[in-house]
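Full structure from sequences and hints, please.
Same order as they appear, the protein sequences are chains A and B.
Residue 0 is where the first sequence starts when you use numbering that gives the first Met the number 0, and the numbers rise one by one after that.
Residue 0 is where the second sequence starts when you use numbering that gives the first Met the number 0, and the numbers rise one by one after that.
Simulated from the structure, these hints should not be mistaken for lab results.
Among these hints, one or two may not hold up.
Dumping the calculated DSS-like pairs for lysine-lysine here, alpha-carbon to alpha-carbon at most 27 Å [claimed, not checked]:
hint, chain 1, residue 1, chain 2, residue 2
1, A, K275, A, K55
2, A, K95, A, K55
3, B, K266, A, K51
4, A, K51, A, K101
5, B, K199, B, K428
6, A, K275, A, K95
7, A, K95, B, K210
8, A, K127, A, K173
9, A, K133, A, K170
10, B, K210, B, K428
11, B, K199, A, K133
12, B, K456, A, K127
Computed list of chain A residues with no C-beta within reach of chain B, every gap over 10 Å [as the list claims (entries may be wrong)]:
hint, residue
13, S58
14, G98
15, S99
16, L155
17, T161
18, K164
19, G185
20, R229
21, Q249
22, G283
Quantities reported herein were computed from a predicted structural model and do not represent experimental measurements.
All C-beta atoms in this analysis are idealised placements derived from N, C-alpha and C, irrespective of residue type, glycine included.
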Amino acid sequence: MNTIADAIAVKPANLTADHLAQDQSTATTLGEITSANPRMICRDVNVWYDDKHAIKNVSLDIGQNEVIAMIGPSGCGKSTFLRCLNRMNDTIPAAKVRGSIKLDGQEIQDRSIDVVPLRARVGMVFQKPNPFPKSIYENIAYGPRIHGLTNNREELDELVETSLKRAGLWKEVKDRLDAPGTSLSGGQQQRLCIARTISVSPEVILMDEPCSALDPIATAIIEELIDELRQQYTIAIVTHSMQQAARVSQRTAYFHLGDLVEVGTTDDIFNQPQHKLTEDYITGRFG
Amino acid sequence: MSPSLLLLIILAAMALAYHLGRKRAIGVAGGVAQINRLHSLPAYYGYYAALWVGLPALLLLLFWVGLQEHILTALTIAELPPEMTAQLSEGQLSLLTSDIRNLATGNITAREISPEVQAAAAHYQRLSGLASVSLWSLTGALALAGMAWAWQHTTISFRARNRVESILMIVLILFSSIAILTTLGIVLSVLFESIRFFQKVPWTEFLFGTKWSPQIALRAEQVGASGAFGAIPLFTGTLLISFIAMLLAVPVGLLSAIYLAEYAPRKVRAWAKPVLEILAGIPTVVYGFFAALTVAPFMRGLGESVGLDIASESALAAGLVMGIMIIPFVSSLSEDVINAVPQSLRDGSYALGATQSETIRRVIFPAALPGIVGGVLLAVSRAIGETMIVVMAAGLAANLTANPFESVTTVTVQIVTLLTGDQEFDSAKTLAAFALGLTLFVVTLILNVIALHIVRKYREQYE
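Structure below.
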């Protein structure tokens with residue numbers, strides 16, 4: 000038992016941010032952080048927003064062709080951690096990231112690494128569907144164009160078609176590729192964004208609460224899609240919905256106030272959590 | 000016993016009424032401890048009393064001050080012997096009444112005082128004394144009646160708060176209608192004067208004529224005063240100068256907006272933005288002499304050194320300086336629009352591996368374009384209506400040319416020259432200013448409507 004658990008065992012009512020923050024450095028992650036076939040290896044990742052220590056010594060592997068779900072209460076740092084994986088935190092001037100993050104053995108934290116190819120390899124889907132104010136076709140063609148992936152119009156057409164097919168959107172939009180992306184429904188827009196991410200052939204896809212703005216039916220379609228995409232891509236998904244984590248992921252990581260508290264197979268986390276905090280969250284005692 | 004003293008007294012009475020009303024409310028409730036029994040807070044009963052005391056009295060005062068002069072004058076004129084006023088024209092009559100008024104108030108008069116005028120002045124004085132007394136007593140009576148009304152209505156169940164709110168709303172409506180009616184009045188007066196102009200000069204000649212020479216012959220045989228009112232050279236001059244201004248302001252303003260919104264670190268933005276906005280705070284007359292005394296001679300010198308003949312009052316100089324004036328306009332409007340593009344679009348683009356400039360060119364700029372166009376149109380209407388710079392730096396000669404090195408004149412410059420100095424107010428020359436003003440008004444109105452429509456449409460898209 001570590002100190003956090005002790006503290007909670009003694010005084011569960013006083014579970015406050017300040018209280019836990021004092022015990023930071025001694026916190027360790029329960030469960031198996033490594034993966035048999037890792038795609039990304041993160042070690043001792045720390046993130047500060049100005050003075051706020053948002054991620055504390057997080058170490059985690061993201062395995063090949065698996066869906067890893069990151070869960071935890073609001074403000075626990077799961078989205079911040081996700082944004083480290085393709086250096087999206089670079090766009091926030093106040094954010095400072097330290098530690099080692101490797102993609103296929105290559106250190107991406109290294110400043111000499113160009114974020115342009117990195118972000119093509121590690122794509123991202125956001126909480127709110129954010130299609131560009133362009134046609135459906137142009138939304139998909141945007142990525143391949145900026146990366147120069149195709150040589151002519153035929154190849155681009157084909158890439159757009161395969162991307163939309165993989166995202167399960169082709170049948171719905173093939174007759175109106177010139178319609179604006181924003182004219183689609185919320186769920187379709189999110190699948191458009193997934194297709195847009197797929198279009199640059201990423202290895203890893205990061206999803207930051209991709210269904211939180213969608214209705215249950217659209218959510219079910221996306222979840223099904225995530226399961227299919229797993230065959231080809233490595234997926235890390237942040238979610239607020241524990242049911243969703245249980246449905247789509249193979250591994251689950253539980254974050255709490257910047258700490259990675261526990262990692263394990265999704266079955267283990269949901270059926271026999273080792274940590275008191277994890278158990279409390281899973282059983283809905285807070286969150 | 001002037002109206003301004005009365006105004007002060009009414010205001011004091013309102014303050015008193017507030018206190019009385021409040022006290023009365025507390026009294027009705029049965030003491031400070033029991034004010035919970037009242038429907039509204041005691042202060043609202045105070046406001047209610049103050050409004051009843053003040054508003055009717057103030058309205059009466061307003062109408063009285065507005066109408067007293069007219070009524071008194073009419074009454075005095077009616078008293079004059081009919082043979083005196085029978086054959087007077089409108090103008091002569093007004094001279095006579097102003098004499099009577101001057102005499103009554105003890106000012107110097109313009110003519111020999113006849114006994115009739117003397118009598119009329121005495122009559123006027125009597126009337127105005129009577130009017131003053133009745134004004135005071137009437138407002139006093141109204142204020143007392145208002146207080147009595149409010150006093151009587153102060154009961155526990157009286158909804159004073161709701162009443163005060165609705166009275167305040169009516170007051171606000173009154174004030175905003177003043178602004179609207181004033182606008183309407185200006186537009187109508189310009190319209191009517193323009194109609195008078197178009198009775199003298201056909202509108203087809205005005206809108207499509209290519210010769211502008213507004214001098215009207217005073218004598219039949221006068222030389223060089225033909226009076227031609229073809230406004231095309233003015234329109235083209237205005238457009239030429241505005242075009243040059245936009246040619247400078249749009250790229251500079253837009254690019255600096257992009258820098259400020261997307262690239263500038265917080266520190267740079269903190270001082271660069273205010274500096275840019277200072278440009279907007281410089282009085283246009285300063286721009287004007289900057290254009291006339293610095294830029295224009297510089298341009299001419301520059302032209303001479305490369306063998307170009309640039310007039311000392313060239314469209315180029317006026318346009319460039321006007322462009323500088325408009326830069327902050329374009330940049331701050333564009334920056335707002337660029338900032339309004341949701342961060343999620345930037346994130347989406349960056350997450351695909353786009354660089355900052357790719358994101359700006361392919362995502363942010365297209366998304367912000369309608370708003371930017373709206374901002375530019377607003378800037379154009381500003382440029383077209385701009386006066387001081389062109390008065391000082393552009394010429395007066397109505398040349399029909401597209402050559403920026405030549406001197407041109409603009410609609411606003413001509414309005415200024417037509418109306419400054421001693422002018423007859425019913426000649427075609429001065430009336431032409433109203434027609435020009437109307438044209439200017441219509442054009443800028445259309446531009447503003449289109450621009451605001453575009454901007455609003457764009458806002459809806461993202462909010």
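Hint check results:
1. For the proposed pair K275 (chain A) and K55 (chain A), the alpha carbon gap of about 19 Å is at most 27 Å, so the pair holds.
2. With a C-alpha separation of about 12 Å, the suggested pairing of K95 (chain A) with K55 (chain A) holds against the 27 Å cut-off.
3. About 21 Å separates the Cα atoms of K266 (chain B) and K51 (chain A), which keeps this hinted pair within 27 Å; it holds.
4. About 24 Å separates the Cα atoms of K51 (chain A) and K101 (chain A), which keeps this hinted pair within 27 Å; it holds.
5. For the hint pairing K199 (chain B) with K428 (chain B), the CA-to-CA distance comes to about 10 Å; that is within 27 Å, so the pair holds.
6. For the hint linking K275 (chain A) to K95 (chain A), the alpha-carbon distance of about 30 Å lies beyond 27 Å, and the restraint is violated.
7. Restraint check for K95 (chain A) and K210 (chain B): the C-alpha separation of about 69 Å exceeds 27 Å, so the hint is violated.
8. Among the hinted pairs, K127 (chain A) with K173 (chain A) is consistent with the structure: their alpha-carbon atoms are about 23 Å apart, no more than 27 Å.
9. Restraint check for K133 (chain A) and K170 (chain A): the C-alpha separation of about 19 Å stays at or below 27 Å, so the hint holds.
10. Taken as a hint, the K210 (chain B) and K428 (chain B) pair is honoured in the structure, with Cα atoms around 14 Å apart against an allowance of 27 Å.
11. Between K199 (chain B) and K133 (chain A), the direct Cα distance comes to roughly 55 Å. Violation of the 27 Å bound is thereby established for this hinted pair.
12. Our distance criterion of 27 Å between C-alpha atoms is met by K456 (chain B) and K127 (chain A), whose separation comes to about 22 Å.
13. With a closest Cβ-Cβ approach of about 24 Å to chain B, S58 (chain A) is found to remain outside the 10 Å limit, as its non-interface label requires.
14. Annotated as non-interface, G98 (chain A) keeps its C-beta farther than 10 Å from every C-beta of chain B; the closest such distance is 21 Å.
15. The Cβ of S99 (chain A) lies farther than 10 Å from every Cβ of chain B, with a closest approach of about 22 Å, so its non-interface assignment holds.
16. With a cut of 10 Å on Cβ distances, L155 (chain A) stays outside the contact zone with chain B, its closest approach being about 15 Å.
17. Even its closest Cβ contact with chain B, about 17 Å, leaves T161 (chain A) beyond 10 Å, as expected for a residue assigned away from the interface.
18. The non-interface label for K164 (chain A) is consistent with chain B: the shortest C-beta to C-beta separation is roughly 19 Å, beyond 10 Å.
19. Every CB of chain B lies more than 10 Å from the CB of G185 (chain A), the least distance being 13 Å, so the non-interface label holds.
20. With 10 Å as the threshold on Cβ separation, the claim that R229 (chain A) sits away from chain B holds: the shortest Cβ distance comes to roughly 20 Å.
21. Distance to chain B confirms Q249 (chain A) as a non-interface residue, since its nearest Cβ pair spans about 24 Å, more than 10 Å.
22. The claim that G283 (chain A) lies off the interface holds: its Cβ sits roughly 30 Å from the closest Cβ of chain B, which is beyond the 10 Å cut-off.
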